[in-house]
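Asks: Chain by chain, the residues:
Number of protein chains: 2
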Amino acid sequence: MECVQGYDKYAYEPFAVTVDLAVFTLREDVLQVLLVERGQEPYAGRRALPGGFVGPEESAETAARRELAEETGLLDVAGLHLEQVRTYSEPGRDPRMRVVSVAYAALVPDAPQPRGGGDAARADWLPLVSVGRLAFDHDRILADAHERVRAKLEYTGLATAFCPPEFTLGELRQVYETVWGSAVDPANFRRKVLATPGFVEPVSGPPRRTGGRGKPAALFRAGGATTLHPPLLRPEGRP
Amino acid sequence: MECVQGYDKYAYEPFAVTVDLAVFTLREDVLQVLLVERGQEPYAGRRALPGGFVGPEESAETAARRELAEETGLLDVAGLHLEQVRTYSEPGRDPRMRVVSVAYAALVPDAPQPRGGGDAARADWLPLVSVGRLAFDHDRILADAHERVRAKLEYTGLATAFCPPEFTLGELRQVYETVWGSAVDPANFRRKVLATPGFVEPVSGPPRRTGGRGKPAALFRAGGATTLHPPLLRPEGRP
DNA sequence: ACAAAAGTGTTTTAGTTACACCCATGA
DNA sequence: TCATGGGTGTAACTAAAACACTTTTGT
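Protein sequences, first through last, are from chains U and W.
So the first sequence is numbered by UniProt numbering: it starts at 1 and just counts up by one.
So the second sequence is numbered by UniProt numbering: it starts at 1 and just counts up by one.
It is possible that part of the hints are untrue.
Just some of the chain W residues that point at chain U, by a computed CB distance under 8 Å [said to hold, decoys possible]:
| # | residue |
| --- | --- |
| 1 | PHE15 |
| 2 | VAL17 |
| 3 | SER59 |
| 4 | ALA60 |
| 5 | LEU126 |
| 6 | PRO127 |
| 7 | VAL131 |
Calculated from the structure, these hints are not laboratory results.
Cβ atoms here follow ideal geometry from the backbone N, Cα and C, with glycine treated the same way.
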């Protein structure tokens, strides 16, 4: 807009700017996504990604974080990983008016039952595999967000965002296996993770914990590393 | 916006939606970026990324491609690589009004002298290293776009977008060395590129060409591959 | 003849895979 | 005690880095 000599705020039909959220969690070793059910037209009865308008004094990220808190009921939304995926601006994507939407992907550790907070219709976790057709272009948005998360696990420490504050390496490995949909060798996984500086750090206390009935495992915290060297490549490359 | 019961197009102060372009090229083995000089306040005299409003019937990408054609004077803009980088929406980023901007990175092969087309002030190529402070938040946008391009070279065949239709492997290697800012072993580079299916394909004709005074090199075309397996990692990891 | 770049070959090294094996716990 | 998952060790394989070497041009 720098090249415009003079302009008028109201020269164009106004654009609405919204955020749409693809909120992922892991429940029972299944990747799930938070969806709302639309109450009215268009797409009444269809599921959609939660989202909302960006307020006059907000950035898109602030709006996304606010929506995330409203939809999930989580309290410590400040610490959650929120990542801008893409912006969708096709003229016809919302039949009612011109809407430009900034999409975000969020990763939350456990899965609190969502409250249909604020103005939202029912919000529910749904396994990603059983998501049918969504409203608007949300199929595309969800697919883009999913691919982004899958790729990010390879070269960032993002997987820890799915885990509670303290976790075992088995739990962390589960994250990769679930998101990638393929098995990972426990021994090699352990070595790679521990060999990557800043990925995880051991919890000092001698406490131990187990998910099932094996040997108790050591606990770790997320480290400060954002990018991994070398990356943790998934078995099949990028399909 | 799916959760809003009823809404009014004019409920909020209107948002303006714009695109900003970081157009990169390689001139004399230096990475250069296309910048315009602002004529009036705010930031009069400062350089800025070219860009403009998204029209009522356009998508952001369409608007970006249109601006690209206007600013560079290139004719075959349809084939150029254009990539959405991020969307910037901080409330104060333009002092005049609320502007949400979708940033794109573009890679163009040779460097035609830009015409100050359309409503743009003078547009000029400037080496990336000698870019001073830009208007608005364009420093940040340019940095994000640069990092995106650097990273994309690793795992996509994007580098060929900087090259003419037919190029030698030495020229292609120059692209990597210039964008990454570090030397690449010619022998190993050649092997990696040729071992990656779909990255480049040999030009059938026996013609040869040389940039300087060495042995003439074989010519290649860009292959159809978008993602590289394995990735072509830069020496220093990801700084 | 010499420098410079293309292209080929080879050695060395690092990383990954695919296992075998022991340990600690719940049922 | 047996199944289960945690944790360690190790040999085989594979990709990459480093570098020597030949080829073909311009000067």
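Asks: Would you mind marking each hint as holding or not holding in the structure?
Replies: Hints and how they fare:
{"no.": "1", "hint": "PHE15", "in the structure": "holds (5 Å)"}
{"no.": "2", "hint": "VAL17", "in the structure": "holds (5 Å)"}
{"no.": "3", "hint": "SER59", "in the structure": "holds (5 Å)"}
{"no.": "4", "hint": "ALA60", "in the structure": "holds (4 Å)"}
{"no.": "5", "hint": "LEU126", "in the structure": "violated (15 Å)"}
{"no.": "6", "hint": "PRO127", "in the structure": "violated (21 Å)"}
{"no.": "7", "hint": "VAL131", "in the structure": "violated (15 Å)"}
In this structure, the earlier hints numbered 5, 6 and 7 are contradicted, and the remaining ones agree with it.
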